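**Q** Mind docking chain C on chain E? Use the hints.
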Amino acid sequence: MAEVVFAYKNITKRFFGVHALKDVSFELERGRILGLVGENGAGKSTLMNILGGVLQPDEGQMILRGAPFAPKNPLEASSAGIEFIHQELNLFTNLSVSENISISRFPCLGTSPLINKKKMRESCKKLLRSLNLDISPNILVENLSPGERQLVEIAKALSTNADILLFDEPTTSLTAKETENLFSIMRSLRDEGKSIIYISHILGDVKSLVDDIVVLRDGQVICGGPIEDFPIHRMINLMVGREISNVFPERHSHAKDRVILEAKHVSETGIVRDVNITVREGEIVGMFGLMGSGRTEFARMLFGVDPYKEGSITVCTEPLPKRNPQQSIKRGLAFITENRREEGLLMDYPILENIGLVSLPDFSSRMTRMVDSKRLFKQANEIATSLRLKCNDLKNQKVKSLSGGNQQKVVIGKWLLKHPSMLIMDEPTRGIDVGAKYEVYLIMEQLAREGTGILFISSEVEELMAMCDRIVVWSQGEVMHEFEKSEFSQERIMRIAFRQSLEYSEEEKAVVNGQD
Amino acid sequence: MDKTKVIKFTMKNSTAVLFVLIFIMFGLIAPRFFTVKNFQNIMSNASYIGIIAVGMTFVLLTGGIDLSVGSTMYLCAVICGKLINEARMPVLSAVMISLLVGVLIGSVNAFAITRLRLVPFITTLITQTIARGFGLFITRSIAVNYPDSVTLMSTSKVLGFIPLQIFIFLSVVAIAAIVLGKTRYGRQLYAVGNDLESAKKAGIRCDRLIASTYIISGLLAALGGFVTITQIGRVNAGFGSGDEFDAIAAAVLGGASLFGGIGTVFPGTVLGTVMIEMIQAGLVFANIDIYIQPIIMAGIIFLAVFIDSVRTTQIQKLERRNILKA
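Which chain is which? The protein sequence lines are E and C, in order. The first sequence maps to residues 1 to 516 in this note's numbering. The second sequence maps to residues 517 to 842 in this note's numbering.
Treat the hints with care, as some may be off.
Claimed, not checked - Label-pair distances were calculated between CB atoms; the ranges are:
#: 1; chain 1: C; residue 1: 533; chain 2: E; residue 2: 324; range: 44 to 52 Å
#: 2; chain 1: E; residue 1: 327; chain 2: C; residue 2: 632; range: 39 to 47 Å
#: 3; chain 1: C; residue 1: 533; chain 2: E; residue 2: 327; range: 32 to 40 Å
#: 4; chain 1: E; residue 1: 305; chain 2: C; residue 2: 623; range: 29 to 37 Å
#: 5; chain 1: C; residue 1: 632; chain 2: E; residue 2: 305; range: 34 to 42 Å
#: 6; chain 1: E; residue 1: 143; chain 2: C; residue 2: 674; range: 50 to 58 Å
It is worth saying that the hints were derived from the structure and are not from the lab. Quick caveat, the model's predicted, so the values are computed rather than measured. Even for Gly, the Cβ is constructed at its ideal location relative to N, Cα and C.
If we strip away everything but chain E, and leave its shape as in the complex, we get (with noise of 0.2 Å):
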């Protein structure tokens, strides 16, 4: 048995009231590489900020060689020995590659305040050396790629003399020839006996590189072990398969044959490529993909938020003009976006305004510009109604004082005022509970049912499984595949999302016919 450098014990996490985390245990050894995998908020990050000394957790404790560990900011990790390799880096891209190694701690000539250079340089270049990185240690970050940043990430945690290293999806940005040097790199720290989290979406390279997994779903270890023990399908069978029973309300196609919305050969340069998606009246198209698979991005372009490149964007047979969210809203478009805290919503303001914000030129009198604010209150009264938003006064309760689901309730109400044509709903039910959600369910079968055409998009398989016509897979900016509802299945969505090929290989069918 090996040592065990680190342990969860119990490790409960609630956000409001929700669990982020659910009693979770679990310990890494020494000299082992331990591979965390769920889908999106399954609750890995906010493990990695409990260690990290970012977050706090609400019960239980972490043990870390022997002794129990409570940091109470990254600087406590940091001196604890544990470092973070993040998907976005923490670099300085305006120094040189050796400075951002030792900008904690520089040596200095002496007693003096000047930098001793010479050693500087001589401690990164044992550092790159020791990462088969043969850059030179005078060059600006700003000038690598993002591989040599990665790389240089990591010698940077390295020169604290860490020997706990978590690697939180450290391949988005890279080429497989990095990928697979950066792995080579890992194996090699393992073997030298550090501990190695690695935490990653892409399931075979986790299957090649890591010792041993924990798979977390709804904040939960559902199961973990030797990797041998987990083929890919049993991972993505884990990470996904959880019991639903009326969550969903029923659904019925009331998909017509006109085209509101058509998306031709979409190309923008690093985002996405070739995208081409159609939405009918009435239909419900959704979306589905791993962050950072150019969902998000994409419905930006359609919105005219961002720009692209190639192709064009239909709305019912007329050309939409590029960067012109004006034009797009004229058009019948409507983008409930992502972040509602952020990009949806005036926090501070009363639920009236928020509701009204979009469509304040209609309530406006033609000569004076002036709102006529009682046909603007009883228009957002009826459509706070049919919400069924709870809240006491639309006039002067601010949003921020509002729950979640209420809070989303306002944001759909803003623009169904509007009475959009096309409504694209990103990650609408995100942080609200399982009633509101079922709201929000209820709410895209009617507009439905009234002929808007909806794109919804979605990290969770089952609510796009329940509540689409169709689903679009994305991965790394491309559209993989389309699935008609007949051939929705979740493993088949998610072995595209992943990248797999849609069928078992043979060594995979038996496997899963041996555990049968």
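**A** Same frame as chain E, but now just chain C:
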């Protein structure tokens, strides 16, 4: 790929490109522009704005701004003059005290920005008004004259050939360049300006660093004020007003970014300062209407700030994260 490299190079060296363009332009318009005497004048005039611009560069590197420098110059010059004329204080002690006043104003800015969390723009706009207000209160808006012991300094030469103001300017530049380029403090300052959140995570005491830049800016504004009075010997109520604009312009022309993290004292800000003086001298040589000159000046500064903004977004675009895998 090569095209983006060329664009990137031009973007990152926009200062030098602009400098050469303006230099050639005035040379073509007025051949007399290329004389040693003219360049000596340009350097001499550049010294006081240059000193202030160095302090401004420190502030800009953190992504802040200091609008109070012009008034700081005025108040410090007034106090220095009053101490010499009315308190009969030796020149050296009076200068030291006036420099301390500069430090004090900088400290007020620093306190308000890093402790009270006020926006630098508003904070320094307020201290700008307060500092000038104090100066006007002390003088009753009557001009202050300086004795010959002060004005004669401007004719003194260090090592027999460097005019004092140019010597002070070059010393400030040399010290600042070493501090920014070679010390722990300087390099961490660049880190703070590049990414404040990451700098905090790296354990850098960001607030202390940011605070120090306003103190440096205040000190150098006071020094700039003193250098000016040695040259003109008289301070009236409008002294130094608008100079913050020139200092910011010099730093930005020199390649400093208003978003922080980018900029150098040498060659950057020095080049920017000389460029401003060069444009001013050039406009005179080219016989441009004196009332049109400020408009052209502002136009050029607008161009520089515009390039800065384009540069920042373009560089970001070139370095944007790539979702697609080739």
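**Q** In ascending order, which of the hints set out earlier in this document are inconsistent with the structure?
**A** 1, 4 and 6
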